[in-house]
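J.: Add chain B to chain A, keeping to what the hints say.
If you read the sequences in order, they're chains A and B. Using the numbering used here, the letters of the first sequence map in sequence onto residues 970 to 1283. Using the numbering used here, the letters of the second sequence map in sequence onto residues 970 to 1283.
You may find that some hints are simply not true.
Note that the list lumps identical chains together, so a pair holds whenever it fits in one copy or between two copies.
[What the hints assert, rightly or not] Capping the alpha-carbon separation at 25 Å, the derived lysine-lysine pairs in BS3-like fashion look like this:
hint	residue 1	residue 2
1	1058	1256
2	1129	1094
3	1098	1058
4	1269	999
5	1129	1058
6	1094	1207
7	1256	1269
8	1256	999
9	1204	1094
10	1269	1204
11	1204	999
12	1058	1094
13	999	1114
14	1129	1256
15	1094	1269
Note that these hints are calculated values from the structure, not bench results. Since the model is a prediction, treat every value here as computed from it, not as a measurement.
Read off the chains here:
2 protein chains.
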Amino acid sequence: MGNRVTITTLAGGVGAAKFIRGLVRRIPQKNLTVIVNTGDDEYFYGLHVSPDLDTVTYTLAGVVNPTTGWGRAHETFHALEALGQFYGKPWFNLGDRDLATHLYRTERLRSGLSLVEVTREIAQKLGVKARVLPMSNDRVHTHVKLRGRPPLPFQQYFVKGGARGAVEAIELRGVEAARPAQGVLEAITEATGVILAPSNPFVSLGPILALNGVREALSTVRSRVVAISPIVGGKSVKGPADAMMRGLGHEVSPRGVARLYQNLIGVLILDQVDRHYADSIEQLGIKPVIADTIMATPAKAARLADVVLAAIDG
Amino acid sequence: MGNRVTITTLAGGVGAAKFIRGLVRRIPQKNLTVIVNTGDDEYFYGLHVSPDLDTVTYTLAGVVNPTTGWGRAHETFHALEALGQFYGKPWFNLGDRDLATHLYRTERLRSGLSLVEVTREIAQKLGVKARVLPMSNDRVHTHVKLRGRPPLPFQQYFVKGGARGAVEAIELRGVEAARPAQGVLEAITEATGVILAPSNPFVSLGPILALNGVREALSTVRSRVVAISPIVGGKSVKGPADAMMRGLGHEVSPRGVARLYQNLIGVLILDQVDRHYADSIEQLGIKPVIADTIMATPAKAARLADVVLAAIDG
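If we strip away everything but chain A, and leave its shape as in the complex, we get (with noise of 0.2 Å):
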């Protein structure tokens, strides 16, 4: 593709920039909007944290842990160790370095700053060319409905509970009121290609489509909108998307993540070895692609943008 070509993606965290770090090898980052989830933001220690969007600017930084896929690289928790001597032992880890990011945000958001600002400027001081957009300004907060049990802050759910327990509902406190932050529709309508990335379709991409506006604008360049299942063979390849998606009655396939998608994508690129789906997706007016999806590697990784790129070309 040429190197006028403007691609946007709404991304959750680890999936998402597991394959970010693959397109970046193949389109200049100057050229890439990254649209992030902030319905996972917590306060932690009294710092504003946004887990999915430090995840997405230290892959585009090359300062994330390669390890884990969030976080610093040669990190520690010195900080983390010495507070849990004010606050009782810490379920949520937050390295020394990663701290600076919160500190920072906190310190920025409270001077009024928007999120928006604060973001660009992060992203800035860290070297990324690439444009992360955090979906809005307004707060959002995920809650996880586990059965028998009142709904749980998302982190909770997710880091302390270690995402155990059957889904009965997903709750986006505040998803009504809050307004796309500038440029967020304007990134979708106007990019050449648009990408939903292998992220968690109900926490991680959910709160970003369900923000006013979003769906609308996705439906009408839809044919240049590509997802990528965040499932294969039956399960979601990290994270608790496929309990999500059986607790919430839906089908645990690619074929499951069309009907979740459908007006709002032209194609889906399923895995390999879902490929006996592909059939049932394109009846849903999906364009199947199959590819291979598991980015084991960066250099997988941006095998899989290939893909990605050539569906929206043609």
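T.: This is chain B only, laid out in the frame that chain A set:
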């Protein structure tokens, strides 16, 4: 001295902590109240940093860095290094473990606790049995006026500027309106003895002494108030006390110190090298006690504490 003796010490940072480390080898921590200067408090990265409170608390908790006398032992500075990516090169050293204290203090203050309450919590959680009492819950912000320059906040003068320059004036901004914290005046009037630690008379003890009612409280119990001269052999043992005395027109000697504390103290401990000042100090109505005041080891600090406690007892 008996077990029921209670001691109140007025303290700045490192010099005071060195003495306190010896003192608590001689009296139980629970019998000790330390009233600590907060005029040096500063905001860094949105965090409320109280250098003198922390130096005293870390010392009493046994977690202070034994080499520097401030900060925590076995410390790393990874967060600070990363903060440099956002804010530019840092000039104030905040260690990773130390950051936990500032995070806790800041978060608890924001949630509505007073500095006295938060300081008590921090001390308790670090296992300190002594009472560490900030001089005030109200903001006093010490500034130092150097020749030909506008007044600088203390930490900018002391840490960033390396305490260089000719001091023309000390401004204790906010001190007129500040009230001594609850318990400060009682801790002075009701203690068996009161000790003015060998801290800087202007920027460490000065803010405490300038609080409404503190001088009066000391003068009423004068006979049991003992100061240790921070000036030995015409120089301060540590820090810019000598330069400040000179700049502000005082004699740089224990006699100069005695004049500063006249009518507030009954006894001044001066170093053996300054024994020739004894008579003239006595003429100021202050009992001179000659001792080895250089606290090269904790054992030597404890021996100095013996001298001080004996002076109170006498």
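J.: Name the hints, by number, that the structure is in violation of.
T.: 1, 6, 8, 9, 11, 13, 14 and 15
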